[in-house]
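With chain A held as given, fit chain B onto it using these hints.
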Amino acid sequence: MIVLCLRECGAGAGAALRRWPIVVGLTVTASVAAVMMGLVLFTVLTEATIIGTRTQLGSHAVAFTPFYRTSSSAAPVLHTEALARLQRGVAGGDGYSTVIYNVKPNAVATAPSLLLVFGERASVALSDPVCAPTPCAQPGASLVLDPMDPLSVAGLSVPMGQGLRPGATLIDPAAGVISLDRRIVVHLPSQTLVHLDPLTQQEAAARLVLIDPTQPEVEDFVRACAADDLLLLPSPVGDISSFRSATVDALVTLAASVAFFLLALAAMLGLTDDAVRSEAVDLRVRTTYGATPVVVAWRWAGFVMALMALPTAALVVVSSLDDTPALRTALGWATAVVVLGGVGVWCRAQWQTARAVTGVGALV
Amino acid sequence: MSTTNIVEASDIEVTFGTGRAVVRALRGVSVTLRPGEAVALRGPSGCGKSTLMRAIGLRLSLTAGSLAIGGSPAPTARSSRARLRNSFFGYVEQEFGLIGRLSAQANVAVPLEYARPRPGAAQRRECTTRALTQVGLHAHLGDRVSELSGGERQRVAIARALVNEPTVVLADEPTGALDSATAGDILTVLLGVRDRGATLLIATHDERVAAACDRTIDLLDGRIQATSG
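Taken in sequence, the protein lines are chains A and B. Per the working numbering, the very first residue in the first sequence carries number 1; after that it's consecutive. Per the working numbering, the very first residue in the second sequence carries number 365; after that it's consecutive.
The hints are simulated quantities; they were obtained by calculation from the structure and are not laboratory data. Think of the CB as a built atom: it goes at the ideal place given N, C-alpha and C, for glycine as much as any other residue. Mixed in with the good hints, there may be bad ones.
Claimed, not checked - Computed, partial: chain A to chain B, Cβ under 7 Å:
{"id": "1", "residue": "Asp-172"}
{"id": "2", "residue": "Thr-288"}
{"id": "3", "residue": "Gly-290"}
Unchecked claim - Residues from chain A that keep clear of chain B, each with C-beta distances beyond 12 Å, as calculated:
{"id": "4", "residue": "Ala-75"}
{"id": "5", "residue": "Cys-131"}
{"id": "6", "residue": "Ala-246"}
{"id": "7", "residue": "Ala-291"}
{"id": "8", "residue": "Val-295"}
Bound conformation, chain A alone (with noise of 0.2 Å):
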């Protein structure tokens, strides 16, 4: 029974491959709909984080945007006064910083690349208790690290401590959710700022969330790393306005895409109408001689899997390529819509075939 089953089902994708034209253009058009809605429901998932994280913050959090200057070739380097004040932002729990890009590790055995984050009060943002006391490290739940592999930050020794949960995040405030699992989050001292790389400095800077600041120590940090040629616009965490509008034109995009992809899944029904009209005679034959409900449902089983394998096999492959668990979850509930479409296309098939091989023992 299984080897006829399989036979259908090669026979019913052998019956869409015969109509390859119009199902190699539906499938690439399906697929590129089902990629887009996964993106953009990502987009909408992290904008939405995002809005929950400044939400969370406060109204009194502030954060920074940064600008350079086009004129300026040289990338800014922050002196002694900006340190001092991004030191005195993150120590004794007023505000919290991170690096997530620019760190230059000073010897890393290993390939992960590290996350620093300096003052305890980034736990708001991190989806598992920072480790204490600093300097200390937490691995990512997806990393094999070997334990000799010495982890050295800022000429600091760090230990490591216990590793993250699977799925483990970051939320920033500009960036979105960052996935942990790759990586190694590195708590460090206040005090180490001065010893970074004036990239991861600058960065730092840009980072640095302030927790119910006054005013003269917003403005007095943002002239300080203006004069070291950093321009950092200040703006309340909890004014979401501009995340809400970036949220709704992702939900129109989103919209688009669905109809995008309802579309090509109406001219898969379509399709579907076809081949079993073209196919009656066939399958008319096959009941008569004994192939029974079950045996014509795997047959067309194999139609619809020769149709949607690309979307689902485009969803997978995207999904591989980042291991961020909102991106995954996005293309998680593209896929699960790509087989809905399929399942959908079966039950129009199934009910056309009854329809078509009325009487013709199938049915009785």
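Below, chain B without anything else, positioned relative to chain A:
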């Protein structure tokens, strides 16, 4: 129930549709088929010939009445009915019912694909070659049926009906779409099936076909009007 009757239909009724659109296609029809006989089913269009053929061939559900196949009540489970359709019956249709994109041999092989146990590839080739040779088409094994003439296509359909060596062959207007010379050839092939021991039930308008059969059943408005022979 007589053990000599290979098919025994008693007071069968088949109704299509519901409410005002209801059509009573068969109204209390009783028919028996004995081994090795050829029976002609006659009557005007719409009298219920095809419905009776389909009911006997387990391709329709009965609204009322009973049907015995090979001395046992016709099964109700779909899988059992499918198995019986495959092993007990052969079907020939007026419009041939062939799969145009397949070769004559592949068309004839369809019943073997659903046979239990399924014969191996070599045995399937041997069976299909033998069936096509029986109907005089050994030279057209690999030809696509869409390239064959009407008479040749009907021969392929007959070969397909015979390939599983059925006990009963149900032929619905087998000569209806053919010219008279070709119809005569097809009739000879069909009577050859009877001569090899199979039971033949032919729905026909053709008097020559009816005359060549052992018995005749006349249907009118879903009821048996007369029987002869």
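Evaluated hints:
1. Look at Asp-172 of chain A: its Cβ only gets to about 59 Å from chain B, farther than 7 Å, so that hint breaks.
2. Taking 7 Å as the C-beta cut-off, the interface hint given for Thr-288 of chain A holds, the closest approach to chain B being about 6 Å.
3. Evaluation of the Gly-290 of chain A hint against chain B yields a held restraint, the C-beta minimum of about 3 Å falling below 7 Å.
4. For Ala-75 of chain A, the requirement that its beta carbon stay farther than 12 Å from each beta carbon of chain B is met, with the minimum near 68 Å.
5. With a least beta-carbon separation of about 63 Å from chain B, Cys-131 of chain A lies farther than 12 Å from that chain, consistent with its non-interface assignment.
6. Even its closest Cβ contact with chain B, about 54 Å, leaves Ala-246 of chain A beyond 12 Å, as expected for a residue assigned away from the interface.
7. Distance check on Ala-291 of chain A: its Cβ comes as close as 6 Å (rounded) to a Cβ of chain B, failing to clear the 12 Å threshold; non-interface status is violated.
8. Remark: the non-interface label on Val-295 of chain A conflicts with the geometry, its nearest Cβ contact in chain B lying 8 Å away (cut-off 12 Å).
When the structure is compared with the earlier hints, violations turn up for hints 1, 7 and 8 and for no others.
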